[in-house]
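Visitor: Starting from the known structure of chain A, arrange chains B, C and D on it as the hints suggest.
Protein chains in written order, with the numbering used here: chain A, 1 to 252; chain B, 1 to 252; chain C, 1 to 225; chain D, 1 to 225.
Note that these hints are calculated values from the structure, not bench results. This one's a predicted model, so the numbers in the text were calculated from it and none came from an experiment. All residues carry an ideal CB built from backbone N, CA and C; glycine is no exception. Errors might be hidden in some of the hints.
[Stated by the list, open to error] Derived CB-CB ranges, DEER-like: (1) B:R159 to D:D39: 37 to 45 Å; (2) D:R45 to A:E226: 23 to 31 Å; (3) C:D69 to A:E226: 42 to 50 Å; (4) B:L72 to A:R159: 48 to 56 Å; (5) C:D69 to D:D9: 38 to 46 Å; (6) D:P198 to A:R159: 56 to 64 Å; (7) A:G155 to B:E11: 46 to 54 Å.
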Amino acid sequence: MINKVVGSFDEALADVRSGAMIHFGGFANPHNTPNYLIAALARRGADRLTGVSTYAGHGEEVQRVLFERRNLEALHDGWDLGLMAELGRLGKLITSFPNGNSRELLYPFEHVLRRGEAEVEVLGQGSIAERIRCARAGIPAFYTPVGVGTFVAAGKEVREFDGVPHILETALRADFALIRAHRADRFGNLVYRGPRTFNQTMAGAAGVTVAEVDEVVPLGDLGPDEIHTPGVYVQRVVVRPSTPHDDWRTPA
Amino acid sequence: MINKVVGSFDEALADVRSGAMIHFGGFANPHNTPNYLIAALARRGADRLTGVSTYAGHGEEVQRVLFERRNLEALHDGWDLGLMAELGRLGKLITSFPNGNSRELLYPFEHVLRRGEAEVEVLGQGSIAERIRCARAGIPAFYTPVGVGTFVAAGKEVREFDGVPHILETALRADFALIRAHRADRFGNLVYRGPRTFNQTMAGAAGVTVAEVDEVVPLGDLGPDEIHTPGVYVQRVVVRPSTPHDDWRTPA
Amino acid sequence: MSEQPELLDESVMAMVAARDLPDGAIVNLGLGLPLALSDYIPPDREVLFHSEQGIVGFGARVFDPAEVDPLLMNAGGEPVASAPGMSYMSHDESFAMIRGGHIDVTVLGALQVDARGNLANAQIPGKPAPGLGGGQDLATCAKQVLVVMRHLAPNGDPKIVERCDMVLTALGCVDRVVTDVGLFEIADGRVTLLEYAPGWTVEQIQAITGVELAVAEDVREIVLG
Amino acid sequence: MSEQPELLDESVMAMVAARDLPDGAIVNLGLGLPLALSDYIPPDREVLFHSEQGIVGFGARVFDPAEVDPLLMNAGGEPVASAPGMSYMSHDESFAMIRGGHIDVTVLGALQVDARGNLANAQIPGKPAPGLGGGQDLATCAKQVLVVMRHLAPNGDPKIVERCDMVLTALGCVDRVVTDVGLFEIADGRVTLLEYAPGWTVEQIQAITGVELAVAEDVREIVLG
Numbered sequence: 001m002i003n004k005v006v007g008s009f010d011e012a013l014a015d016v017r018s019g020a021m022i023h024f025g026g027f028a029n030p031h032n033t034p035n036y037l038i039a040a041l042a043r044r045g046a047d048r049l050t051g052v053s054t055y056a057g058h059g060e061e062v063q064r065v066l067f068e069r070r071n072l073e074a075l076h077d078g079w080d081l082g083l084m085a086e087l088g089r090l091g092k093l094i095t096s097f098p099n100g101n102s103r104e105l106l107y108p109f110e111h112v113l114r115r116g117e118a119e120v121e122v123l124g125q126g127s128i129a130e131r132i133r134c135a136r137a138g139i140p141a142f143y144t145p146v147g148v149g150t151f152v153a154a155g156k157e158v159r160e161f162d163g164v165p166h167i168l169e170t171a172l173r174a175d176f177a178l179i180r181a182h183r184a185d186r187f188g189n190l191v192y193r194g195p196r197t198f199n200q201t202m203a204g205a206a207g208v209t210v211a212e213v214d215e216v217v218p219l220g221d222l223g224p225d226e227i228h229t230p231g232v233y234v235q236r237v238v239v240r241p242s243t244p245h246d247d248w249r250t251p252a
Numbered sequence: 001m002i003n004k005v006v007g008s009f010d011e012a013l014a015d016v017r018s019g020a021m022i023h024f025g026g027f028a029n030p031h032n033t034p035n036y037l038i039a040a041l042a043r044r045g046a047d048r049l050t051g052v053s054t055y056a057g058h059g060e061e062v063q064r065v066l067f068e069r070r071n072l073e074a075l076h077d078g079w080d081l082g083l084m085a086e087l088g089r090l091g092k093l094i095t096s097f098p099n100g101n102s103r104e105l106l107y108p109f110e111h112v113l114r115r116g117e118a119e120v121e122v123l124g125q126g127s128i129a130e131r132i133r134c135a136r137a138g139i140p141a142f143y144t145p146v147g148v149g150t151f152v153a154a155g156k157e158v159r160e161f162d163g164v165p166h167i168l169e170t171a172l173r174a175d176f177a178l179i180r181a182h183r184a185d186r187f188g189n190l191v192y193r194g195p196r197t198f199n200q201t202m203a204g205a206a207g208v209t210v211a212e213v214d215e216v217v218p219l220g221d222l223g224p225d226e227i228h229t230p231g232v233y234v235q236r237v238v239v240r241p242s243t244p245h246d247d248w249r250t251p252a
Numbered sequence: 001m002s003e004q005p006e007l008l009d010e011s012v013m014a015m016v017a018a019r020d021l022p023d024g025a026i027v028n029l030g031l032g033l034p035l036a037l038s039d040y041i042p043p044d045r046e047v048l049f050h051s052e053q054g055i056v057g058f059g060a061r062v063f064d065p066a067e068v069d070p071l072l073m074n075a076g077g078e079p080v081a082s083a084p085g086m087s088y089m090s091h092d093e094s095f096a097m098i099r100g101g102h103i104d105v106t107v108l109g110a111l112q113v114d115a116r117g118n119l120a121n122a123q124i125p126g127k128p129a130p131g132l133g134g135g136q137d138l139a140t141c142a143k144q145v146l147v148v149m150r151h152l153a154p155n156g157d158p159k160i161v162e163r164c165d166m167v168l169t170a171l172g173c174v175d176r177v178v179t180d181v182g183l184f185e186i187a188d189g190r191v192t193l194l195e196y197a198p199g200w201t202v203e204q205i206q207a208i209t210g211v212e213l214a215v216a217e218d219v220r221e222i223v224l225g
Numbered sequence: 001m002s003e004q005p006e007l008l009d010e011s012v013m014a015m016v017a018a019r020d021l022p023d024g025a026i027v028n029l030g031l032g033l034p035l036a037l038s039d040y041i042p043p044d045r046e047v048l049f050h051s052e053q054g055i056v057g058f059g060a061r062v063f064d065p066a067e068v069d070p071l072l073m074n075a076g077g078e079p080v081a082s083a084p085g086m087s088y089m090s091h092d093e094s095f096a097m098i099r100g101g102h103i104d105v106t107v108l109g110a111l112q113v114d115a116r117g118n119l120a121n122a123q124i125p126g127k128p129a130p131g132l133g134g135g136q137d138l139a140t141c142a143k144q145v146l147v148v149m150r151h152l153a154p155n156g157d158p159k160i161v162e163r164c165d166m167v168l169t170a171l172g173c174v175d176r177v178v179t180d181v182g183l184f185e186i187a188d189g190r191v192t193l194l195e196y197a198p199g200w201t202v203e204q205i206q207a208i209t210g211v212e213l214a215v216a217e218d219v220r221e222i223v224l225g
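Bound conformation, chain A alone (with noise of 0.2 Å):
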């Protein structure tokens, strides 16, 4: 029987070792964000981490400023990759933003930067999302237009076609993808609420992909034409607490 419901956080992650290389799913919203997987990563004490991200994670503190901007009430379980900048843990991000996007609000990884504890690969974020695709689909590589002439363009091939020049994209393939889902079956099924950011773009493009959900539902409670992610792209599936933790440092 095919049962990919992991009875922890904990669990899920316990062969991630030091040096490895995570997608990190969602896109500068706690929201979509996997939280306690990320929580999870950072009990497990890892570190020289190779991370994959649209953003680098706002951290507790800008994370609790922006939301009062909006006047939203902050979360306390809102834990981003931020939170693995403060703790040292990534050797090299891969991202389009590596800062916030305000002169003020410094994302925990600006500090890193600045003291350079990490490397970072800056990258347009279309190109990090098809580089990941790629992984899930089996392209080593592919040309695009986008870069050409900038920085991001450097040391890389650039080839010309119908009189365009495009540069040579690689694929993107990480030994854990961390992803954010609303709901699942037992055979890691997939279905998404709102914009469905890197969470599914990930999915499959990492040797183990593994989903943090709002709830497990019985097998054929999905039906096949709703079902944004197939199981086959997941491998462990682990449900949010119902009652919300406020240490990252809690088990879960």
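Guide: Below, chains B, C and D alone, put in the same frame as chain A:
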């Protein structure tokens, strides 16, 4: 106001010219094939078309035999690419199945090929699907290990990634994509029922994507999590007649 | 500088940019000033706003916390309204849409724009690394690139220049620029003033611009609506 | 040939192939004999059957017209049953799944298979052009390639050969072969007989095979279940 719903199939294809390149959605099943768009294309009379399709079309006679074998009731309006082959409208076909699967049943396109009246480019379904997606996604070319060392590699660049040889495949963009979906709204948003085949793949991979649908529903009836193809990829929508026709020559 | 006429405020700049979006256009809104555009679409026009994380067809920004859907934000993380016909997708599909040329207009902020249409908006001064977001994809692949920005940098430097000297985001891509003093077109290596903010003269605008401006034959004061 | 033992019939060949599919496997079924496999999965095992047009997780074939969902067919156009946990997708996603290495076992028909694991199933004799379907993608990218075919061609030629002389579908890909006389493994340039059909001897099988067979130490008669 955006309204992509067009009053008739003939109107939807009134600007198709001879020599055009056309994506034909569906997969060897008249129930997921844009039957009425194909009939309208036949009435339109454009010829020397380059078609892209998983298969070359059954045509009425083969389809009747296949349905009988499975004890299914034959359709009177199950027109597929076989009709275009019978009428001699195809100058070239890019497909994975130029022939029928059985030795005794002959697709209409097999007769065309035997008479030397059309060119054929045979390629695996996955490479065709990816080449079409590339057109939708703005990628001129990609590498794949599929086809290396076989007839499909003839004349294509070969390059190694991680010691494995790959061939370069290029995007397949058409002038028109004719696809079939279940429901649409006036923005052209689409929801499919069942396997989404090349229908979903081809939406957005042509200058004009035309969707043949069972019904058009009020804007807002298709929810944001439920829409399979955003209307951005669809230029025209036509509703199938409530009473099936039994002759492709009948205007619709 | 003390005799300068008034600068357009941010909401007016957004209105100017929104004014020219055609009915039915697919429009991506970038970080900063462009985010306000979804608030200013006339009710008789349907414009589909796209956001990178996988939304097409969202509505105006939502300022009442009681009305907020925490999953539905624009690219800058501001809550926006749902609208009939809106759809969600993945990041890869969202960028297939961008890179496949399906976006009619991309509205971007900028640090510098030059006469060749080059765009620099990656390296915010003082930040440890350049940031691209989806801007490079959008600037390269959208049918029209519309920049909305202040005319001058915080340090007083002109942002429309002969040649960008900041980190480039994309080459030869900018078609139009809305600033707090006017509306400009960039084509064939030339920046042309199309409309000026109320009270401004061509000479006053030229004086704070880093490139010699051409002036449209029918140059006129900006009028909304 | 008249003294030959009985050949396995098609349903038994399918049962032999189905017998070894592990619980939880993702399995694509190709045209011809492989299509029958979804009828023979023991109830204590969950195998997810994949089909090119965008299905994963379908069930057994449906022969009662009253139960047919006309949209739900296997790759050969035969109606199949829905099963809990099944999902639909597009052709591009379906092949992303195949080409990304997510299919555990692909079960394919063949015209010829050789000792290097080369597969020929594209050019059906008498047809005007080769046909590939999804077979080339599957043979190249699936984790395991299992061929199910008759041991001899209609004209009596062996189909397991030293070297394919028909149009190749994919190189060095075939791992196992089920025929109507036995089960074979292909590895390191060698074809090994693992199991033989009831009544058959190694010599009789060798006599109708186009390559010298190795014989597994524990070679045994095929037993189902």
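Visitor: Now tell me if each hint is right for this structure.
Guide: Results of checking the hints against the structure:
1. B:R159 to D:D39: 37 to 45 Å: holds (43 Å)
2. D:R45 to A:E226: 23 to 31 Å: holds (26 Å)
3. C:D69 to A:E226: 42 to 50 Å: violated (20 Å)
4. B:L72 to A:R159: 48 to 56 Å: holds (50 Å)
5. C:D69 to D:D9: 38 to 46 Å: violated (59 Å)
6. D:P198 to A:R159: 56 to 64 Å: Since P198 (chain D) and R159 (chain A) have Cβ atoms about 60 Å apart, the given range 56 to 64 Å holds.
7. A:G155 to B:E11: 46 to 54 Å: Check passed, 52 Å falls within 46 to 54 Å.
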